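Build the complex: two chains, separate frames, hints provided.
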Amino acid sequence: VSARVDRVLASLSEFMRMVTDVESLLARSEDVCDFGAGTPPELAAPAYVDALKHAAEPRSADWFGYKGAHRPAQEAAAAGLSAELGIEFLPEDILLTRGAHGALAAALGAVVEAGDEVICPRSTSTWR
Amino acid sequence: VIAAAITPRTRMLLLNTPHNPTGRIFSAGSLEALGTMLDAASARNGRPIYLLSDQAYSRILFDGNVMVTPARFYSRSLLVHTYSKSSLAPGQRLGYLALPPDMPEKGQLRRAIAAVGLASGNTLPDAVMQYALGDIDHLSVDLAGLQSKRDRMVAALQSYGYTLHVPQATFYLLVRSPIDDDAEFARRLRQDRVVVLPGRTVDLAGFFRISLTATDAMIDRALPVFAAAMRDARRPASS
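So the sequence lines, in the order shown, correspond to chains X and Y. Our numbering numbers the first residue of the first sequence as 194 and each following residue consecutively. Our numbering numbers the first residue of the second sequence as 954 and each following residue consecutively.
Just so you know, these hints were derived from the structure itself, not from any lab. Hints are supplied without guarantee of correctness; some may be wrong.
[To be verified] To be clear about the criterion: a stretch of chain X counts as covered by chain Y if any three or more of its residues have a C-beta under 8 Å from a C-beta of chain Y, and this derived list gives those stretches:
no., stretch
1, 207-213
2, 218-225
3, 231-244
4, 253-260
5, 269-278
6, 290-299
Being a predicted model, the structure only gives us computed values, none of them experimental. Cβ atoms here follow ideal geometry from the backbone N, Cα and C, with glycine treated the same way.
Chain Y extracted, bound-state conformation (with noise of 0.2 Å):
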């Protein structure tokens, strides 16, 4: 589908794995057959193509996955990381974008990115982020306690009769709606005061997304909404 998508102006191919919000995590396998497409797509342009691999939820894994990296497979990957998710904190903006250490034009690279920061009003954190980074590297969600939210609310929405699959990784549900206009069942469930992302919002007709990250408190109380939300839309419209 990618290769297909080629043309002679291509510059960059946006990919994010695991991805936000299906949480399926790209195999070795798919990554490698990518990187030799990229390869003699760059070849045929006469420039390269680069590869952004958004990887903010590479260290949220279930069931003792394994996150692999593009850059593996590609040298012309620019890597994107954010502390945002590992620290639940995504008001303290703090990440960085790696380059790996065989890319090619990686200096001119560097400068360019540094020039980019400062022309736009400076990307970098604030000195104190930077100060906090070596102490925040290591911290990480608790994932035991997302992995068994997962499980219990995967068990109870497919119970309800909703559609979803076993994320690998990240703290999404990716959830079909039962109803066409999935911004119109959100404000149903909203009407609950429970709030999710409907699809449509980020061009995802037809589902909407749960964010794990909620407390047991909220899922204890959410449930029963999902469940009589879902017979509201499965009631005849006459009755």
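With the rest of the complex left out, here is chain X (with noise of 0.2 Å):
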């Protein structure tokens, strides 16, 4: 293991523990109240099922095959962002990612070398 990854291991360490004891409550019991990470605790909505269930069914036969971004994914995040943030953003500026970690790898890997800092600030501190 590198030494790189082995410092993210030991920041981890405590984390990983907790899901450890976390995944063997759950196996040994129903009866789990469940706040720790944000699990959805009930059945998807019907809404959320239909679009993937649609989104599965091939319309043509590259329909699985190897993808670059989705024109009309693009064009859809951008009139969402664009309503809820009141500035127009245009379906190219649109980079589709694996959920947020594929986002924040994205830029960070982007625009950050060996030897920037990056300033992420404490949590709590504008909190106490």
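Encoded structure:
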């Protein structure tokens, strides 16, 4: 394991220990009140399930082929974000990612070099 | 505080608004001041400082609060959005990075981000998730339901003696642990099969976090556990 990942493991150890504890609790009992990670407690909304079902129905031979950015998805996201924030975003400026983690990784990877500093404010500095 | 942390090597500032886990929304005034400060620091450094704005909870706002993005005041903002929260489906990875229309070096950044995606094993969502995005974008969690859970839990926890603020957004409550060791306190709650996130696992020692995505039935069963755990914590060690 690289020294860098070793440091990551050390900082995650407490979190990973807790995840293991919770998993074993969930395996032993169905009566667990989970206020932990924002896990969905109930079946997904029918509208969400319908959206996935509809999207999984192939409409062309290359439906599940290698996929770059899907323009209609960029257009829909740009329209939604423009309405939300009151700024006109362009579809080509919406870079689709695997959730927020993918977006954070892509941004850091594109801009930050070894030796650069990234400032991450302490969560509760404005709270206490 | 942030201005004091900037050095000639600073390349990026990570901001999370609305903020997990405090539930605070950064005000327009504080974001405007931040933008002015970052413009000056970028000029001083001779290269731009990017603002990476994680807005994962931008559509989960309580009490009619309004989300303001730092992109309004700082053109070198990269905005992070995810559908994990608004759809309550974090296992289905879908989100995006948005570049504001007035961002300088926009084309160069778009190409760089696409290249990072390819080089790192592709950060693009699966094809099916991309096809579904148009139908998912307008979906929302039950905000009224979340807000009533928030109000019920805040009132109950405060009445037991817990210290916490009322979040303006997100689906979290950040609560001060009644004992110094929040991991120990979380273990105490887990004895009664109540799971919370201990603060020290995420660099927030002395606190724990409650996610309001739990059901009403879970809240019914958990509230007496929170009350009892507080009584235990206040009991003198000798008794």
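Check your understanding: Count the residues of the stretch 253-260 of chain X with a beta-carbon closer than 8 Å to any beta-carbon of chain Y: does the count reach three?
Key -> holds (count 4)
**Study point:** Proximity test - 8 Å, beta-carbon atoms, the stretch 218-225 of chain X to chain Y, at least three hits
**Key:** Per the Cβ count (4), the hint holds.
Practice item. Mind taking a look at whether chain Y covers the stretch 269-278 of chain X? Criterion is 3 or more residues with CB to CB distance under 8 Å. Key: With 8 residues close enough to chain Y, the hint holds.
**Study point:** Per-stretch coverage check for the stretch 290-299 of chain X, three Cβ contacts closer than 8 Å to chain Y
**Key:** holds (count 10)
Review point. Would you say the stretch 231-244 of chain X counts as covered by chain Y, given the rule of at least 3 residues with C-beta under 8 Å?
Key: holds (count 11)
Practice item. Would you check chain Y against the stretch 207-213 of chain X, counting CB to CB pairs closer than 8 Å, and say if three or more residues qualify? Key: holds (count 3)
Violated hints are absent here; each numbered hint is respected by the structure.
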